[in-house]
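Given chain H's structure and the hints, the job is docking chain L onto it.
Line by line, the protein sequences give chains H and L.
The numbering of the first sequence is this note's numbering, which starts it at 1 and goes up by one.
The numbering of the second sequence is this note's numbering, which starts it at 1 and goes up by one.
Hints listed in this document are in silico derivations from the structure and should not be mistaken for laboratory results.
Note that the Cβ used here is the ideal one computed from N, Cα and C, for glycine as well.
Treat the hints with care, as some may be off.
As the list claims (entries may be wrong) - Simulated restraints, written as ranges between beta carbons of each label pair:
#1 H/HIS452 to L/VAL266: 18 to 24 Å
#2 H/LYS380 to L/ALA25: 31 to 37 Å
#3 H/SER211 to L/ARG123: 41 to 47 Å
#4 L/GLY125 to H/HIS452: 21 to 27 Å
#5 L/ILE247 to H/ASP21: 44 to 50 Å
#6 H/LYS380 to L/ARG7: 39 to 45 Å
#7 L/GLU215 to H/GLN75: 42 to 48 Å
To be verified - Some chain H residues close to chain L (C-beta under 10 Å, calculated; not the full set):
#8 LEU99
#9 GLU127
#10 ARG299
Unchecked claim - Covered by chain H, according to a simulated footprint, are these stretches of chain L (three or more residues, beta-carbon under 8 Å):
#11 183-191
#12 206-215
#13 220-228
Each chain is listed here by its residues.
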Amino acid sequence: MNQTPSRPALLDVRGLSVTFDTERGPATVVRELDLTVAPGETVAVVGESGSGKSVTALAITRLIDYAGGRITGGQILFTDRTGRQRDLAIEPPETMRQLRGPDIAMVFQEPMTSLNPVLTVGAQIAEAITQHQGLNEKSAREEARRLLERVRIPEATRQLDRYPFQLSGGMRQRVMIAMALSCRPRLLIADEPTTALDVTVQAQVLRLMRSLQQELGMGLIFITHDMGVVAEMADRVVVMQHGRVVETGEVVELFTKPRHPYTKMLLDAVPVLGALADHPLPAPFIIGDEPHVEQDTVRHEATPVLELEGLTTRFDVRRGFRLVGRIHAAEQVSLTVAPGETLALVGESGCGKTTTGRSIIRLEQPLGGTIRVNGEDVSKLNPAREKRMRRAIQFIFQDPFASLDPRMTVGFSIAEPIHTHKLAHGPAVRERVQTLLGQVGLLPEHIDRYPHEMSGGQRQRVCIARALASEPSLIIADEAVAALDVSIRAQVVNLLMDLQTRLGLSYLFISHDMAVVERVSHRVAVMYLGQIVEIGPRQAVFGDPQHAYTRRLLAAVPVPDPARRSRHEGLDDSEVPSPLRRPNDMPVVAPLVRVGEGHFVARHSVGGMY
Amino acid sequence: MLEYFLRRLAGTVPVLLAVSLFVFAFVHLLPGDPARMVAGPEASLEQVERTRAELWLDQPIWSQYVRYLDQMAHFELGRSIKTHEPVSKLIGERFMPTLWLTVWSMVWAVFAGVGLGVLSGVRRGGWEDRAAMIFAISGISFPSFWLGLMMIDLFSVRLGWLPTGGYGSWQHFVMPAFTLGSAVAAVMARFTRSAYVEVAAEDYVRTARSKGVTERAVIWTHTVRNALIPVITLTGLQFGFLLGGAIVVETVFAWPGLGRLLIDSVSFRDYPVIQAEILLFALEFVLINLIVDLLYGMVNPEIRLK
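Next up, chain H with everything else stripped away, as it sits in the complex (with noise of 0.2 Å):
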């Protein structure tokens, strides 16, 4: 060991391998790791998913154990709390287990179903301390609330007694955060942890992090999938590409001087929010040598594919037959579509835009409000011409893989809207399914796979091929690229601007990510509990932010550049208020006012917020 005393590493892992046995063999996933984290230093592991990059996590914690993995070769050489060093490779369960809290804890990525939902918040947090500290129960409730408002959960004492289903995702997070430093841990594994969370709420997340960790001292190892995380976070890297590390370095070497050429692509692909600040029409991503190509596909003069007209979708919460509350997830929701044009409708989780896509083609009942679409009120539309309609309007679905039905082949799925709408018949449909395949970056022979033999990108191609199956003017794609890692996300991305160009096809485009957002469409409007509070050209309502929530949207989006960090010392830590409200208890709902070239505002409170 030649390390300098003054700082010895915490962790250091040498030549690290991790197996799993499968049916068809052994499968190494993570090769001859080497990765060292010092106290007080950050580390964010970064790669896309299958990398390897979680069960690095598990392995050092040797939760590995009970996944159906082992280590294969190497040193997890770790400094425990009484400076003396193990090798955590070898060491016997039981061991681990005492190390397991008060030296190493884990912060993991889903809040929404990390937590046991049968005990109370209290109970849990209070279990590691009873465990580690040997407090009885009193005081370990006691230090369990302290922890509570040390990670700033509001109301501390009347929390202990909830239970996990009982918080948002944002509480949840939190709470797994005081769990994990309950015992006031050496190094801390965050797997994730603000990736099921929304931007406003992972920013506040993140910054909580960062102050417990200088706080504490403690070393963190980040693991992500998002560079501005990273940019956010991190002391130093280290990518990783199918369970190899393919490059290591401080944080803003590597963002300016990548080497590799993995993580100048990673970088590449990242949207960067503002980068098209002085364009005001979309453009691709640029991947490689491609040229900048703005969008210019939207046909204002003629008669919009969608027309909604104070669109009101409520949903009755009844206890046994009394109705108790109503969640008011769209509330007068007007918005047009022109033809060859992308409206991007973005907000947080809860906010009414999937509600308000899903309301359109009547997956939702609305309660009231006009549909118009190509310039027919659906309403009045007889059955054959309603077909029509459905036929113009077409969604695809965040999930690939749940929105494909795994015992039927692609070609199946493609054809069905075909067979459904008449479109083709006998061999013609086969002929058409494979155009449909080729317009989508896919092979002829792809027609009779299954969906588990692709990819997760290849699917999203798939459920687009099928989209476009019945000839439609408009697709609504709800968090579309959401569930892709980043280098398919742009390709996905590009893939759908490309058929606006060639098939003058028009977008409602749901996200929840800004910068995707900045890239595709024309035109955003802003959802807040339930109501557009902003709506104009992409470039106004992102260059001069009209509203106080589009603002917290913006200022919330990490960038992926380190030299720009900490931007977020004013925001706060309040929740977002529920849209479910009492009876005839209604919102207040106005028009919007005009402050710009096709740019409105809500003026009125919407949730206190104007």
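Chain L only, in chain H's frame:
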């Protein structure tokens, strides 16, 4: 919790009304004249007419139903055609043996079933898992009359430790409860195992381990407690099923329970008894479902508090 209970309780009312309507209609749906059926095949025309008047069968149907509900509320279930005893007395005599047999069978079934299920879930893939699942398969596949007869042969005939049949002391319970409970235990073991394996893969179990909680707490506090939620449903269903009387086991062990009463009354076409038994089974199921719902609310806060 109280509101939840009252809501569940109110929910049972329509079910009970529907069942009573069905049982009431039973007599009228059967082919032939209900008055003649109740009076018996040898009754004279005069007797039949008297029965008709006694049963209000000459009244309008709605008034018959109201009277019937009133009678049910007072446990007036009529008389058996075969023995002419009040049906309530017949059923009352048979109910307790069946209830106790059910209780002890279920105690054994839950103890063995959940125990083996958790054991094989914890040691999945190991020899304990395989042994427990072999037991489970055997329990499902051995017919209970065979198991019962083998036990009588061994413990009563050869060893003389236990009585061959009948109802009385605790010794009378051992073999029937074991025989009846084993089949249920086998199903429960398999069910518990799969529930355990499913919960063991949950994120929150991984979270518990990441806190350094002892393996014992991981298993009991975090895994078993959640795995038991679906097992409660199964237990309730099986309990209700056994309360209906176990025809085969009661026959093998000469047990004076409801199962044999049902068989006897069906073969004698003793309609008042059959009617009363259907009503009783329905009531039992409703009650058990109510208890299951309450247990659910106790175990799962999401149900209780929403």
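**Request:** May I ask which of the numbered hints given earlier this structure violates, with the numbers listed in increasing order?
**Result:** 1, 2, 7, 10 and 11
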